[in-house]
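Each chain is listed here by its residues.
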Amino acid sequence: MASHPSFQAGDVHTGFIDQHLDSLFPPIEVSEQTICQAVAAMTVNEKIASQKLAVRQGRASDPWTACDGFRINSYHEREIKLESNVKKFNVKLRYLRPNYEIQVNDGEWKPLAVQTVKDSQSNRLTLKMNLDGVQSIFSTVITDNHIDIFNEVRVNFCLQIS
Amino acid sequence: MTQDEIKKYGHAFEARIYAENPRNGFLPGAGPLTHLSTPIPNDCVRVETGVRQSDEVSVHYDPMIAKLVVWGVSRNMALNSLIARLREYHVRLN
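Protein sequences, first through last, are from chains A and B.
To convert, note that position 23 of the first sequence is 23 in my numbering; the numbers rise steadily by one, no gaps.
Remember, my numbering sits 162 above the position in the second sequence when you count from 1.
The hints are simulated quantities; they were obtained by calculation from the structure and are not laboratory data.
Only a predicted model underlies this, so the values are computations on that prediction, with no experimental measurement involved.
Hints are not guaranteed to be accurate.
As the list claims (entries may be wrong) - In silico lysine-lysine, DSBU-like type, Cα no more than 35 Å apart, as pairs:
(1) A/K118 - A/K92
(2) B/K229 - A/K118
(3) A/K128 - B/K170
(4) A/K87 - B/K170
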């Protein structure tokens, strides 16, 4: 709302939301980049969870506890199913360690890299992603099988891992 | 102090943060705040709230959970700050 041209121009009144409802809340379009951000967030979250578990079990230096897709003489590939606003997305992820390749809905395979951004003053998880040369920074919250991506708008994904 | 002695300086905006879904007729939400991260307060940013992460938003009260107040030397600066700080206000209910 604060980004709306009429609000910025100071043309504000009590019927503002009703008048501009369609332009204030357009349908959320889920881009390929946002889908990849959700998958990138999932991989980081899995690594963090596996590291915490390894520390609790006293196996922090054990390479077999690392959730990094390590395979001998091959690359680990997995299929991830996501749903957002009743739209379903099929994603394939190839672990090249430390980076990835990703394919959304049988499209082109693209290189993917992700790293966490240090933010000691906040409890949010902020990530920097490089998808086929395009950089983006976003915050994410993961609870159970839900992934929220906070960009210009918030997009919620429901995750099914096969 | 009288009203005349209060000098106007800069601009401020206040945004009210509601647990409502604008894409569903602004229906109020209820349940636990499973995630809550707010902008970092400073001399120009104030977060007025009584809830913390894992607190419950009740159906029995107004679903407003916070007020975000920003200040800037000019209206444009305050507005840009409001937009940036709102993007840092992350709430997940349930």
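### Query
Is the straight-line distance between the alpha-carbon of A/K87 and that of B/K170 35 Å or less?
51 Å, violated
### Query
If you draw a straight line from the CA of A/K128 to the CA of B/K170, is it 35 Å or shorter?
41 Å, violated
### Task
Compare the distance between the alpha carbons of B/K229 and A/K118 with 35 Å, and conclude whether the hinted pair is satisfied.
With Cα atoms ~27 Å apart, B/K229 and A/K118 stay inside 35 Å; holds.
### Query
When you check the alpha-carbon spacing of A/K118 and A/K92, does it fall within 35 Å?
28 Å, holds
Comparing the model with each earlier hint shows violations of hints 3, 4; every other hint is respected.
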